[in-house]
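One letter stands for each residue in the lines below.
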Amino acid sequence: MPELATTLSHIVGTRYCLTRATELLAYATDALPGNRRRPRLAVMPGTRDETVAVVRALYAAGMPFVPRGAGTGLSGGALADNVVLLGLQRLRQIITIDPESRTATVEPGVVNAALSKAALPFGLHYAPDPSSQTACTIGGNLAENAGGPHCLKYGVTLNHVLAATVVLPNGEIVSLTAPSEETPAYDLLGAFVGSEGCFGVAIDITVRLTPNPEHVHTMLADFSSIDDAARATSAIIAAGILPAALELMDAATIQAVESSIYAAGYPIDAAAVLLVEVDGAADGLDDDVEAVVRICRACGARMVRSASDAIERGRLWQGRKKAFGAMGRLAPHLAVQDAVVPRSQLAPILARMAEIGTRHNVRICNVFHAGDGNLHPNIPYDAGNADESARVHAAMSEIMELCISVGGTITGEHGVGSDKLAYMERMFPGDSLDAMCRLRDAFDPERRANPGKVVPSHRCKEWHAAPGAHT
Amino acid sequence: MTLQPANTGELQTIAHDARARSTPLRLVSRGTWPAGVTGGVVASTSLDLSLFTGIVEYVPGDLTLTAGSATTISEIDAATAAHNQWCPLLPWGDDGGSLGATFATATTGPCARSLGTPRDVAIGVQFVDGTGALARGGGRVVKNVAGFDLTRLMVGSWGTLGAITEISIRLRARPVVDESWTLYFTPGDIAAQSRLAALRRGPLAPLASEILTTAHAAALGFPRASALIRLGGNTAFVAAARAAMREIGRTEPCDTTVWSRYRALDPHPRAVTANAFADPLSRRIKMLFDPAHVWNRFECGTGAEGKS
Ligand SMILES: Cc1cc2nc3c(=O)[nH]c(=O)nc-3n(C[C@H](O)[C@H](O)[C@H](O)COP(=O)(O)OP(=O)(O)OC[C@H]3O[C@@H](n4cnc5c(N)ncnc54)[C@H](O)[C@@H]3O)c2cc1C
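Residue numbers (the working numbering), protein chains in the order written: chain A, 4 to 474; chain B, -12 to 295.
These are computed hints drawn from the structure, not numbers from a lab. Do not take every clue at face value.
Partial selection, computed: residues in chain B whose CB lies under 7 Å from chain A [as the list claims (entries may be wrong)]:
#, residue
1, Ile1
2, Asp4
3, Gly48
4, Asp49
5, Asp107
6, Ala122
7, Gly126
8, Asn131
9, Val132
10, Gly134
11, Gly143
12, Arg211
13, Asn221
14, Ser269
15, Arg271
16, Ile272
Facing chain B, according to a computed beta carbon distance under 10 Å, are these residues of chain A, among others [claimed, not checked]:
#, residue
17, Leu171
18, Pro187
19, Ser237
20, Ser311
21, Asp312
22, Glu358
23, Gly411
24, Lys423
25, Pro432
26, Phe446
27, Glu449
Residues of chain B clear of chain A, computed beta-carbon distances all greater than 12 Å [claimed, not checked]:
#, residue
28, Gly18
29, Ile177
30, Thr238
Quick reminder that beta carbons are idealized off the backbone N, C-alpha and C, glycines included.
Chain A extracted, bound-state conformation (with noise of 0.2 Å):
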């Protein structure tokens, strides 16, 4: 091990080498409060050259690593089990936007909502807009493939994400493009976004830009009853409208936002708000408006009301994006939820949901993606409270089984990381694990990068590969 930092060190220098516990402290968590993990050494490379030649030290020792952009993910995904913590957030050089094709490249530390910034001048922006935008990577939204609520209309990660260049956890350099159709090709680049760090390090990524809307229209619909606004979501994807984004804030979210410094103006009596954007070419959506309004009303809106302006429409957005922190105040914990349900069945779950949550008295907050049916229920709570914790728990593998139960998914947008391995076997019959292991050895057959995540190892076969997979 010491022979293995002297390496390390000698390739980015001892001041981003890190071996000393305190030191380590600061990345033995991520966002998803509760876990911790210690890892054995964390590196810090500097360059993408930097970055090839530490993944091929830590081949050459046989060392496990995880990979970290800004350590915002909520599945526990950038834990380092003592294992090597492969950070990349001093990779952060935007190394070119092309406003002509409307592409940029970037290093993977680049923040997300800094890219947006840069794209600015040139009437563009990075359109997957995470509520961590402010600090998450693009390099860990490209591992999570990372949503936001602008992916209802505009697409998620992978829809924006056009090449990358990726070391292999042996060293090897790969590019990845998006096929074109006149040239057949596996999809190795869409096999990678989401693959959470498993199948190796993105050092460049060249992603879409989009052009920002001529028009934005921000309105927010007040419900006395969450299943109301839940009706008011369903009715207005059923009708065929495609806002740009549809966000739903339940009594318990509202009221957390509004006590903090976040507050952004949300009736604090309503049972639940709905954030709903419309954007486009001006022509055309006035129509698009009224028809929301009129959805809303129908479903027993108390009030519909447009932001009058940019600075409130983005206080509306304010509350909205800042709402786990607003959350994670009320308690020291927060656990975290990110299942996906169709979107016509969102009314019974939230009453199911909260039936759940009154049974084994736990205060669930929803804020969620609620065009896309991406559901968040959060529940603060106190992990050193053993009664507490445990109810929680109980709660929460309810509402994930209830979701699983009506044909939905345990992950839209977080990730599986540590945190929902067990679910894995609940959504997957062992052969579909199986593949996906195979998938993943394909890109690390020595199962080095980020070991343990997304899928349970007891599920992979033994290396089952001919000889000759190593060419």
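Position chain B with the ligand against the provided structure of chain A, taking the given hints into account.
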């Protein structure tokens, strides 16, 4: 010889046998594909997948649909049209072709730029691979990151890793107004061409816009037409888009059925080439999913070099 499995169990048995005996298989779904596209496959045994057909689940309110891979594009179109929705792919080729072949070959269509490509539209797949495993990736909801992405792996794999048996897709609402136009400008008119390019890049972008070759224009009965345009959206949007389109050149309305005729001409032929699937990473994937190298063996490629 032709094998025609009736269910996934029979398909798995065929896959096991083919692996054990190293019998090359040619995958056939609806069999409508032009020989030029699939002709490269060398195999004396055909694997007929046409019994994996029919819509399994369609909940209009969710805008999602799950169907057997041999379900035809026209069946999907008819079922969804009844609810004013569509599968936005409208792929190149004959509408008697199958959903499975469309995704296996990642075939797009004229609306791909505005509405998405197969990799954007697929939300889940079920397949039997070359090891005989019945596996599933993704699911039936529109957003899903559970597990490594077998859906993206299968889309565009050209049947070289196994057979897709079922696919889940996202649908879209049909636009309130959907109108088609022929656009006429002089062939060398650079200004008109750049105005068309600007329209396509701008906020009033058409659903589809295709520059026609002389031969295609003639085949469609528009001898001198330069481009085919499809505008979609609500009334006010389409009115503005129509006005912008008329700045480019002379226009004439045409029936929307022109698109299925144009797609059937298959104006963008594609085929597996010698170096497709031949890079080291693709060869490792091939070996892990089809170790005996028997599924859709293309004469020119699929990493025959990597065969064990
Ligand atoms: C308040 C809050 C709100 C959030 N809102 C959203 C949201 O709206 N939508 C959403 O999708 N997520 C959301 N998240 C989750 C999180 O921000 C995203 O998953 C984000 O993409 C993680 O980026 P990161 O840089 O922090 O990655 P990390 O947490 O550091 O890492 C995440 C995973 O990516 C891998 N990884 C990181 N960089 C690389 C690389 N270069 N190459 C290969 N693998 C790599 C890691 O190994 C790990 O498995 C939110 C989180 C918080 C705290």
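Do the hints match the structure? See the list:
Annotation: interface hint on isoleucine 1 (chain B) violated; nearest CB of chain A at approximately 16 Å, more than 7 Å. Restraint check, aspartate 4 (chain B) versus chain A: the minimum CB separation of about 18 Å is more than 7 Å; hint violated. Because the smallest distance between the Cβ of glycine 48 (chain B) and any Cβ of chain A comes to about 3 Å, under 7 Å, the interface hint for this residue holds. Interface restraint check: aspartate 49 (chain B) against chain A, minimum CB-CB distance 4 Å, threshold 7 Å, status holds.
Evaluation of the aspartate 107 (chain B) hint against chain A yields a held restraint, the C-beta minimum of about 6 Å falling below 7 Å. With its C-beta approaching chain A no nearer than about 4 Å, alanine 122 (chain B) sits inside the 7 Å limit, and its interface hint holds. Here the hint on glycine 126 (chain B) is kept, as its CB sits about 5 Å from the closest CB of chain A, short of 7 Å. Look at asparagine 131 (chain B): its Cβ gets to within about 4 Å of chain A, closer than 7 Å, so that hint holds up.
Taken as an interface hint, valine 132 (chain B) checks out: its beta carbon lies about 5 Å from the nearest beta carbon of chain A, inside 7 Å. The criterion of a C-beta within 7 Å of any C-beta in chain A is met by glycine 134 (chain B), whose closest approach is roughly 5 Å, and the hint holds. For glycine 143 (chain B), the suggested interface contact is upheld, since its CB lies about 5 Å from the closest CB of chain A, less than 7 Å. Checking arginine 211 (chain B) against chain A: minimum C-beta separation of about 28 Å lies over 7 Å; hint violated.
Annotation: asparagine 221 (chain B) was flagged as interfacial toward chain A, and the flag holds, the nearest CB pair being 5 Å apart, inside 7 Å. A cut of 7 Å between beta carbons decides the hint on serine 269 (chain B): the least distance to chain A is about 5 Å, and the hint holds. Using the Cβ-Cβ criterion of 7 Å, the hint placing arginine 271 (chain B) at the interface with chain A is satisfied: the shortest such distance is roughly 4 Å. With a least beta-carbon distance of about 4 Å to chain A, the hint placing isoleucine 272 (chain B) at the interface is held under the 7 Å criterion.
Given the 10 Å rule on beta carbons, the hint for leucine 171 (chain A) holds: about 8 Å separates it from the nearest Cβ of chain B. Taking 10 Å as the C-beta cut-off, the interface hint given for proline 187 (chain A) holds, the closest approach to chain B being about 5 Å. A hinted interface residue such as serine 237 (chain A) counts as satisfied when its beta carbon comes closer than 10 Å to some beta carbon of chain B; here the least separation is about 6 Å, so the hint holds. A least Cβ separation of about 22 Å between serine 311 (chain A) and chain B goes past the 10 Å threshold, and the interface hint is therefore violated.
Against a cut-off of 10 Å between C-beta atoms, the interface hint on aspartate 312 (chain A) is violated, since the closest Cβ of chain B lies about 21 Å away. Of the supplied interface hints, the one on glutamate 358 (chain A) is violated, with its beta-carbon coming no nearer than about 22 Å to a beta-carbon of chain B, more than 10 Å. Of the supplied interface hints, the one on glycine 411 (chain A) holds, with its beta-carbon coming within about 6 Å of a beta-carbon of chain B, less than 10 Å. A least Cβ separation of about 8 Å between lysine 423 (chain A) and chain B falls short of the 10 Å threshold, and the interface hint therefore holds.
Of the supplied interface hints, the one on proline 432 (chain A) holds, with its beta-carbon coming within about 7 Å of a beta-carbon of chain B, less than 10 Å. For phenylalanine 446 (chain A), the shortest C-beta to C-beta distance to chain B is roughly 7 Å, which falls under 10 Å, so the interface hint holds. For glutamate 449 (chain A), the interface hint is violated, the least distance from its beta-carbon to any beta-carbon of chain B being 13 Å, above 10 Å. A cut-off of 12 Å between C-beta atoms confirms that glycine 18 (chain B) is not in contact with chain A; the least separation is 20 Å.
With a minimum CB-CB distance of about 17 Å to chain A, isoleucine 177 (chain B) clears the 12 Å threshold, and the non-interface call stands. Every CB of chain A is more than 12 Å from the CB of threonine 238 (chain B) (nearest about 18 Å), matching its label as outside the interface.
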